[in-house]
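A.B. asks: So the chains spell out like this:
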Amino acid sequence: MTQLALVIDLNVCVGCHACVTSCKEWNTSGSAGPLPDTKAYGEQYAGTFFNRVQTYEVGCYPDTETVHFPKSCLHCEDPPCVPVCPTGASHKRKEDGIVLVDYDKCIGCKYCSWACPYGARELDDHNRIMKKCTLCVDRIYDASLPPQDRKPACVMACPTSARLFGDIHDPESEVSRAIREEGGYPLMPEWGTHPANHYLPRRKTRVLIHDDELERADNPLKVDRQQPRPAKGEPTLDDAVTW
Amino acid sequence: MRPAFSVIFLTTLLGAGQGLFLAIVAHQTLALLGVLSPDGGRGMYGPGAGVALALLVGGLVASFFHLGRPERAWRSAAMWRTSWLSREVIVLPALMGTVFLYGAAHLTGVNPVLARLPGGGAVDAALAVGLAGSVLSVALYVCTAMIYACLKFLREWHSPLTVANYTLLGAASGFTAAAALATSLAPSEAPFFAGWALAFTVLGAASRAASLVRNARLRPVSTLQTAIGVRHPVIRQISQGFTAGSFNTREFFHGQAQSLVRSLKWVFLLLAFAVPAILLAAGLASGSAQALAAAILVQMAGLMVERWFFFAEANHPQNLYYQSVA
Ligand code: SF4
Ligand code: SF4
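As given, the protein sequences belong to chains A and B, one line each in that order.
Per our numbering, residue -2 is the first one in the first sequence, and the count goes up by one each step.
Per our numbering, residue 1075 is the first one in the second sequence, and the count goes up by one each step.
What the hints contain is simulated information worked out from the structure, not anything from laboratory work.
Any given hint could be a false lead.
[As the list claims (entries may be wrong)] Reference excerpt, derived from the structure (chain B facing chain A, CB under 7 angstroms, subset only):
(1) Arg1146
(2) Thr1156
(3) Ser1160
(4) Leu1225
(5) Gln1299
(6) Gly1303
(7) Pro1307
(8) Arg1310
Yeah, the Cβ is synthetic: ideal placement off N, Cα and C, and Gly gets one too.
Please model the entire structure based on the sequences and the hints provided.
C.D. replies: What follows is the structure in structure tokens.
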């Protein structure tokens, strides 16, 4: 069985919000209708988004680290938002594990948003129905796009490649390997929702360099601090690299 | 959570309507069994069912204000296998149907006797419908409460006490309403209703107090550490990702000062339980119709405050992600 998901690498996310804007752009232009904003240029503005990038500060000054944290629907494998939906509008697709809202069935009762511990669903005040990340379901299967473009808009937009997309049930996929080899973890595992999306942790990159690697003890140039002087007509050491 | 007035009216009006219907059918059943006077309550069954139906309709109307797309409400009966909300949507009209038939049978007199008890008491069609309706009433209490109690990470709600509270508080207000109605429709039976109303009010106070004590001792399971998966004791949100409002910042925060929430707790403990209990006791002792009428008015107001507090008290784990506007 396939379970499509995003794996988000917090180690390289720079918090640029490119995924937020490209998600909004793609999903407000599609056949499912706009993702409307309210008073976008007024003082009390608000909007509906599938994806948000948040920022956290970890530690105490001066030992702090800034973590940028993109958050969208995690397409849980055991989604608590689905069974509570009275109309069946919220459903999890068998074929690829994407959790979707059928906008034609939703009555806007908001019960599913109460049942999602992650705050991943946002009510669309204009159409009065529930909206959430679709993993760009209208894009990833679009045969008119070149194969390398059949990815969610956020993945395409990320300048640091912090967002990976694939099937976490296929052990050889890029996302499974990243989860396995780079310590991918789910959010709030305590509720048993088994989020499909995973996050890769921050890593410290340390390179150990010994003094004698910076300055070779046996460097012939350093023996008498003089360049060997070749006889006239002989090749110099400077030419050696081109020999 | 942000308390929605539609849901406050929905749950309090339905609870009272169900309780009132339970009170009437209980009276008719006990009268049939000879525990109560056989004809003392007759004048109340029909009009009482009418009032119960009005309360149920009021609750149903309020529920539509909660929906974004009320015109699609019929779809919400589809997922009764998994959704308590769907089950409520099915049980409510079924209950309204039985309440209507019960009231109509009594008011029109089209009420054939179906069977005779050995003692000679007549089991009429209305009573049979009424008993079915009583089962539906109790089922509706369970459905309404389970809508909230089944959400396991809303830990203030995820408890059998939620079901007990919805049932007992609904029964209390329903019996109090019956007592107030009985003072004019069946004066001799008012003490029966007032007595049970007092009992349910005291029981409801006990179970509501138990849930207050339980909730005060809850410790959060989810923390910022599990929310973003960083193992460090000191994490602070700098930005929730937007400066404006969103559904997440509106729907899940009540936006009131904690001091107001705390004082409303005492308000509802007084108005839903203490004052009605005193008025019911006074009504029982003196037979005063005014005391019983005041009891139901005060108790309904108190239960609305109680419901407001019920929602405001619940702390949704998603709030961890929305702590800092920037
Ligand atoms: S993240 Fe929330 S909305 Fe998405 S599948 Fe999980 S519970 Fe449902
Ligand atoms: S808001 Fe829509 S999708 Fe969510 S539970 Fe209600 S009907 Fe289902």
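A.B. asks: Run every hint past the structure and note whether it holds.
C.D. replies: Hints, one by one, checked against the model:
1. Arg1146: Nearest chain A Cβ about 5 angstroms off; hint holds.
2. Thr1156: 4 angstroms, holds
3. Ser1160: This interface hint holds because 4 angstroms falls under the 7 angstroms limit.
4. Leu1225: 6 angstroms, holds
5. Gln1299: Violated, because the Cβ-Cβ distance from Gln1299 (chain B) to chain A comes to roughly 10 angstroms (cut-off 7 angstroms).
6. Gly1303: This interface hint holds because 5 angstroms falls under the 7 angstroms limit.
7. Pro1307: Result: violated, 9 angstroms to nearest chain A Cβ.
8. Arg1310: Holds, because the Cβ-Cβ distance from Arg1310 (chain B) to chain A comes to roughly 5 angstroms (cut-off 7 angstroms).
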